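*Asks:* Sequence:
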Amino acid sequence: GSWVGTTVFDGARFFDGCIPDLDKHCARINKSAEALMITPIKGSDEILSIIHEGLRAYDPTDAVYIRPMYWAIDGDVSGIVPKKNSTGFAICLEAVPMIDQDVSTTLGRTSFRRPVLEDNVVNAKAGCLYPNNARMLAEVRRNGYGNALVADAMGNVAESATANIFMVKDGSVYTPIPNGTFLSGITRARHIDNMRIDGMDVQETILTFDDFANADEVFLSGNMTKITPVTGFESKSFPIGPVTRRVREMYWDWAKTETFA
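Counting in the numbering used here, the sequence shown runs from 704 upward without gaps.
Be careful, since some hints might not be right.
Capping the alpha-carbon separation at 20 Å, the derived lysine to aspartate or glutamate pairs in DMTMM-like fashion look like this [what the hints assert, rightly or not]: (1) Lys745 - Asp777; (2) Lys734 - Glu821; (3) Lys959 - Asp719; (4) Lys872 - Asp904; (5) Lys734 - Asp805; (6) Lys872 - Asp901; (7) Lys939 - Asp873; (8) Lys939 - Asp919; (9) Lys727 - Asp748.
If you anchor each label on the Cβ, the simulated ranges turn out as follows [what the hints assert, rightly or not]: (10) Thr962 - Arg844: 35 to 41 Å; (11) Lys734 - Ser789: 16 to 22 Å; (12) Ser789 - Arg949: 43 to 49 Å; (13) Ala892 - Asp803: 21 to 27 Å; (14) Ser814 - Ile909: 18 to 24 Å; (15) Asp726 - Asn826: 17 to 23 Å; (16) Ser789 - Pro763: 34 to 40 Å; (17) Arg899 - Asp726: 17 to 23 Å; (18) Val905 - Pro942: 17 to 23 Å; (19) Phe792 - Thr960: 28 to 34 Å.
FYI, nobody ran anything at the bench for these hints, they're computed from the structure. Quick caveat, the model's predicted, so the values are computed rather than measured. Note that CB positions come from ideal geometry on N, CA and C, so glycine has one too.
Start from the sequences, fold in the hints, and give me the full structure.
*Replies:* Written as structure tokens, this is what we have:
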């Protein structure tokens, strides 16, 4: 089923002895499967248990990328319409270091956009969405940028090519409102909760490219690195500012409450 794009996966992290929001990632993989009409064959608790078993093979100082995966199996020569009792499953554990807190990226505009639900399975973490990400990255990297700032179907900012995005202006934090064109991430939600508990003003709203060009700070939010500072959007430069640093500090402090035993 992988060759016709039926794969779904999720990504979680083990680092510094912590497994932040692992239960939520194990639940989301089943929701992603259902979005592609694939019948999940493992409960989220069982997936969690298998991952725990696998992590015992690693040293507590290791950083591990955790990927549970499903795919459909049976179909005909024209493609695969998933069947109830025909699901593949695997978990991949891969040692991938966490990036240093001062490692940043830059953004450029891309001609490619996020799809809508009528076009693709934007309500799932699906492998078939990732070639679109790849062409975004290839386009902007030819122009010297590290990542792409991506529009939705209406021309407003959705996210980057690889992660959700936040911007800071005059002390308030803004992020594109989920509108069905991108996956509103688990780590994104955790950052929003942490910031609001800390007393920050966080607004989910419609944002334009001009909004980002006039921002004071910009950072990305994704599972692989948790938070990545953005130091430039085309001709505009940004500092790694106090809000970005505070969000990272809060996330690491919170992650210590979800340790692997």
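*Asks:* Against each hint, give a clear statement of whether it holds in the structure.
*Replies:* Now the hints, each set against the structure:
no.: 1; hint: Lys745 - Asp777; result: 18 Å, holds
no.: 2; hint: Lys734 - Glu821; result: 18 Å, holds
no.: 3; hint: Lys959 - Asp719; result: 8 Å, holds
no.: 4; hint: Lys872 - Asp904; result: 11 Å, holds
no.: 5; hint: Lys734 - Asp805; result: 34 Å, violated
no.: 6; hint: Lys872 - Asp901; result: 17 Å, holds
no.: 7; hint: Lys939 - Asp873; result: 17 Å, holds
no.: 8; hint: Lys939 - Asp919; result: 10 Å, holds
no.: 9; hint: Lys727 - Asp748; result: 10 Å, holds
no.: 10; hint: Thr962 - Arg844: 35 to 41 Å; result: 37 Å, holds
no.: 11; hint: Lys734 - Ser789: 16 to 22 Å; result: 19 Å, holds
no.: 12; hint: Ser789 - Arg949: 43 to 49 Å; result: 48 Å, holds
no.: 13; hint: Ala892 - Asp803: 21 to 27 Å; result: 25 Å, holds
no.: 14; hint: Ser814 - Ile909: 18 to 24 Å; result: 21 Å, holds
no.: 15; hint: Asp726 - Asn826: 17 to 23 Å; result: 20 Å, holds
no.: 16; hint: Ser789 - Pro763: 34 to 40 Å; result: 39 Å, holds
no.: 17; hint: Arg899 - Asp726: 17 to 23 Å; result: 21 Å, holds
no.: 18; hint: Val905 - Pro942: 17 to 23 Å; result: 20 Å, holds
no.: 19; hint: Phe792 - Thr960: 28 to 34 Å; result: 29 Å, holds
Against the hints set out earlier in the document, a violation occurs for number 5 only.
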